[in-house]
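J.: Under the working numbering, the first residue of the sequence shown carries the number 1, and numbering increases by one thereafter.
Treat the hints with caution; some may be incorrect.
Simulated restraints on C-beta separations [stated by the list, open to error]: (1) L681 / R813: 48 to 54 Å; (2) S358 / N733: 27 to 33 Å; (3) P599 / F254: 47 to 53 Å; (4) V751 / P495: 21 to 27 Å; (5) T562 / N344: 54 to 60 Å; (6) G896 / E1008: 55 to 61 Å; (7) L363 / K741: 51 to 57 Å; (8) K190 / P599: 50 to 56 Å.
Cut-off 27 Å, straight-line C-alpha distance, at most; resulting in silico cross-link-like pairs (DSSO-like, lysine-lysine) [stated by the list, open to error]: (9) K524 / K355; (10) K190 / K248; (11) K188 / K231; (12) K892 / K838; (13) K871 / K844; (14) K892 / K698; (15) K619 / K698; (16) K643 / K698; (17) K600 / K579; (18) K190 / K275; (19) K188 / K275; (20) K354 / K524; (21) K892 / K711; (22) K711 / K741; (23) K846 / K741; (24) K698 / K741; (25) K248 / K231; (26) K643 / K711; (27) K741 / K188; (28) K524 / K451; (29) K190 / K354; (30) K354 / K275; (31) K871 / K916; (32) K190 / K355; (33) K1072 / K1004; (34) K538 / K600.
Keep in mind the hints are simulated off the structure, nothing from the lab.
Predicted, not measured: the structure shown is a model, and the values here were computed from it.
Don't be surprised by glycine CBs; every beta carbon is placed ideally from N, CA and C.
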Amino acid sequence: MASVNPFNLSDSEEEAERRPKETIHRERSPSEGAPGPPPGNPFSPPADAEPPTLLLSSNRTSPSGEGSVSVAATSAMAGTAETRISVDGIAAQLLRDQYILTALEFHTELLEAGRELPRLRDYFSNPGNFERQSGTPPAKDQVLGPGGPLHRAGSISTLDSLDFARYSDDGNRESDERVAVLEFELRKAKETIQALRANLTQAAESEVTSQERKNFKSSPEIQEPIRPLEKRALNFLVNEYLLKHDHKLSSITFSDENDDQDFELWDDVGLNIPKPPDLLHLYRNCGVSVPSPRDTVDVSVGVDFGDLPGNCIAQDPPKKPDLLHQQQTEVVQELEYQISLLTNEKQSLAEQIKKLQSEIQTLKRTVSSPPPATLDLGSHNISNSTTTTSSMDPLAVPPTDNGQYLDIRRVSEPETNPDPPSSQNISHPHPQSHNKLKSRPPVQFDQPNRKLSPAFQQALLSFCRMCSDSRLGAEVSCIADSEESVMLMLGRCLPHIVPNVLLAKREELIPLILCTACLHPEPKERDQLLHILFNLIKRPDDEQRQMILTGCVAFARHVGPTRVEAELLPQCWEQINHKYPERRLLVAESCGALAPYLPKEIRSSLVLSMLQQMLAEDKADMVREAVVKSLGIIMGYIDDPDKYSQGFELMLLSLGDPSERVVSAVHQVFIPAFAAWTTELGTLQTALIPSLLARIEKLLMQGEHGLDEHKLHVFLSALQSLTPPLFAVVLQNAPFTSSAKLTGDISAIEVTRFPRPASPLQDVATIIGSREMLSALLLLYDYQLEHEGTTGWDSLLWVVNQLLPQLIEIVGRINVTSSTCVHEFSRFFWRLCRTFGKIFTNTKVKPQFQEILRLSEENVDVSAGNDILTKATVPIYATGVLTCYNQDEDRKLLVGFLEDVMTTLSLSHAPLDSLKASFVELGANPVYHELLLTVLWYGVVHTSALVRCTAARMFELVLRGMSEALVDRRAAPALITLCSGPEFSVRISTIPAFGTIMETVTQKELLERVKMQLASFLEDPQYHDQHSLHMEIIRTFGRVGPNAEPRFRDEFVLPHLHKLALANNSQTVESKRIDIATQLFEAYSALSCCFISEEVMVNHFLPGLRCLRADMEQLSPEHEVILSSMIKECEIKVENRGMADAQGSMSIASSLVGEDAKTKFLSKMGQLTTSGAMLANVFQRKK
């Protein structure tokens, strides 16, 4: 008898194969008759059945060639022929009788003989044959399958990987390893179950109903749509064929196009499906068709009972053997038994669905904030509307299973049947839309007066080319009719939509994603949607981040703090270390935006820790800037007093950040918010400000040998930002605060009343609450200070009696020569006085400074002087306090103070550093140039030469940055007036100021006047013996020569330096000679970097250097070596210029050589302390 092709099965057979027979047989009770097959092999029959029945029954479920053996065995047992039993038959019999170890030995011997049997290979390579499936345990009289007595291997892959060495005599070791193996197998089994459930769901979603299959069978020209299981199996076989025939590139492409399938593992195809032969074998056997009694007997195997024709089983074809009749009867009994099992399973699953849906609705009522409403759609209304719709819709064919089979789609896709019996009393947060749905009449369609069969109608309409077998087709064909179904549909579709939207337009999806995430009933789907939201754009820009943040805030407002903590915060935590800074920036901004909507415990613990970690570890400036701003927002909502110390440390850490934008964010957001919190805690005056002052004092104590100016700037800037909150505390705790009333005639606040705030959070009006309230409080504040004093005003008394004295003491300890420190403290006092007002400054601040400085007429002429006048207190008081207000009386007070200081310091021969610091700080602002010239004119006309000398030296400091008109009109005449005095010391003191004019002014007339004055110093015989005058002129020439006008340098500076060097050769006093030579060396060193014309080089520069070398040969050999190198370099320059052909080439070469000499000289000047042998090569040219 020829073998039957096991894959040429009818639709009914395929459906029967898809049913989980293993579960069916396990669930059959012993009292119902014949027991089911062993659980290890779902396709094998009972062990005690008759052999012909066994073989025929297994024939329809053995896709790997078992059918041919079964038919042959049937024929043999019927006595038709005596044939030799094949190897495959022996293997099949061993497997059916559960002789697994014997079959394994048989398989091993066949492998060693080179005769691998496909049946045994497929059996032992399928891990499903060695796993006990979950469900009803087998009956007592059933034979245990391989999952029972057989030892499990260390891996669940195949029996080929058994490691028998691991089962040694060491019982303890075996037990320990056994536990580890079982734990691993349990984990892998759970993963397999999840994967199989996913496959079952996918298969069930695209399952074709029995009625549709009957329609396809009634119309042979219509091809049945491919099912997911068939598609995966064919994909696997196609990929296997491509690999076997070296079509590797095609295989790779094919795998990429089907990335949802694992082509290396057959078990990924379906639920314990045996692997069929390869494509070549299927192709060769696809045309084999042998007439057999099976063609009539097995036509209805596996078909739904309702689909069977009425006389299919009742009528026997003529001349059928009794054996076939017996087989047919058994098949019918088997099908009836399966129907009863499926009916029971359907009922149990329906009860489970009801229970789960009731639990879901209970949870919804617990989570949702609005009061629930009940959708009271009665069961009769649902059934009636369903019946009406079905009768009116020609596409809606009534089911033919009569409720006897379980429709898996109703379990996996409840949205396709919007009104199941278990959902009749579901609570919804929006009852109005459901009421509209309830009141909507059913849709009516005109029915044609035709008598076409439903199958013909279905086949006819199939030519409309509608697609419902795909995922998208299923979504399109099922219109959502409730809010919940809409949310479910969006949850399914959005993950497929987002990747196909352009990156530049993905923010358009944010409303859809957020609404779905808010209203979707499944937590897993909500988590996936929020994950999509945070990963929507690879590197979101500012606008896109703002849109996402807006959506997050809207989500938080809608769902409440519990879901924000459970659903949004994990998304932030996952991306805290993302490689793209834009994504980390989104996390930092989200923490701040969500702060108002988080539980207070999470706000002050988890979120604060996240931001602290990002501030300390993130390398991107913009991320740390956003972190600081979010920390500020957190400080505005935190209410745990124990977090104060952590907030203070965060403030110091962020203030020390190397990025200016981060520090700016600290002053704009963090410090105002932190100060507001400390104000509520009452620790602004008792803890925060005193802590900063203590750190400044400690810094000054440690910085006696070198002050860390950066840290000082950090602490002072923090104090400066705390000034507005401090003033707000003073106003809010004043005696008059309770009596302040808002009336319509309140005057507006002057624009210049307060310093410009760094941000709205530093605006005193914002801190108080409104500009109207601030205006009313300011009026009462000024009145209280002017008329009633500070009695009972504790907050202001703390400022007057504790803060100001401590600040003045700190000021007296800083280094007056540090312009940075002076500037920082000056700006702080200026903002402090401007914030607290003019009355406070005049009555509280100035008296304390004046008490310390003690400026009065009695001690002006004291020779000992005043020690405090040499400290930084003088410039800070002058520039930080006296300049706060610019009215006439304020300017007069400043002028008088500076005049007194200049007089006192000059007469007491004290250092002038404090006065210089005052002039430098004030001279940086052109507004005070006229005022400073007024002070200097006071010194010019003073009777004391010491005061006039001091005034002359101060001119050098204020001339830089002064307008030429002011220099010509006031400064130059004052200097010439000083030069006309009888004292040589005063005249010499004016030389640096004249040099500064030559360096900064371009007006020719003014330059000529200065030139004439300097020439008189050099050429007038009365100055020939003035050693100090010559020293000052040479020093000034060396300072201003490189920056002065080239003509002035060539025609005046260099020729006079040559004369001075020549005259110094004949100087008899060695001390004076070495002083002049040293100053000349420094001047020539500075001027050698300038471009000097060839004529001046030959006539003045080189001769001057040779004269200077002559002095250094006797006085300083080290300098003489350098001078020799300089002379050689200059001579080479002159030679190079003479060799140039064109004038343009001459200028270019000269400039290059000049720059080369400048670079070399500056790099070698630090080597004067080395030996003369090394200095000889300082200016050698490279060879």
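J.: Given the hinted pair K190 and K355, is their Cα-Cα distance within 27 Å?
T.: The given pair, whose Cα atoms are some 24 Å apart, holds under the 27 Å limit.
J.: K619 and K698: Cα distance at most 27 Å?
T.: violated (30 Å)
J.: Verify the proposed pairing of K354 with K524, using a straight-line Cα cut of 27 Å.
T.: holds (21 Å)
J.: Verify the proposed pairing of K524 with K355, using a straight-line Cα cut of 27 Å.
T.: OK: K524 and K355 at ~20 Å, within 27 Å.
J.: Would you check the hint for K600 and K579, treating anything up to 27 Å between C-alpha atoms as holding?
T.: Not satisfied, since the Cα-Cα distance of roughly 30 Å exceeds 27 Å.
J.: Would you check the hint for K190 and K354, treating anything up to 27 Å between C-alpha atoms as holding?
T.: Distance of about 26 Å is within 27 Å: holds.
J.: Assess, step by step, whether the Cα of K741 is no farther than 27 Å from the Cα of K188, and give holds or violated.
T.: Violated. K741 to K188 sits at ~75 Å, over the 27 Å cutoff.
J.: Next pair to validate is K643 with K711; report whether the Cα-Cα distance is within 27 Å.
T.: holds (24 Å)
J.: K188 and K231 were given as a pair; does the straight-line alpha-carbon distance stay at or below 27 Å?
T.: With Cα atoms ~26 Å apart, K188 and K231 stay inside 27 Å; holds.
J.: Falls inside 47 to 53 Å, the C-beta gap from P599 to F254?
T.: holds (52 Å)
J.: Is K698 close enough to K741, meaning Cα to Cα at most 27 Å?
T.: At roughly 45 Å apart (the allowed maximum being 27 Å), K741 and K698 break the hint.
J.: Is the hinted pair K892 and K698 satisfied, with a Cα-Cα distance of at most 27 Å?
T.: The hint is violated at about 37 Å.
Going through the hint list in order, the structure does not satisfy hints 1, 2, 4, 5, 6, 8, 10, 14, 15, 17, 21, 22, 23, 24, 27, 28, 30, 33, 34.
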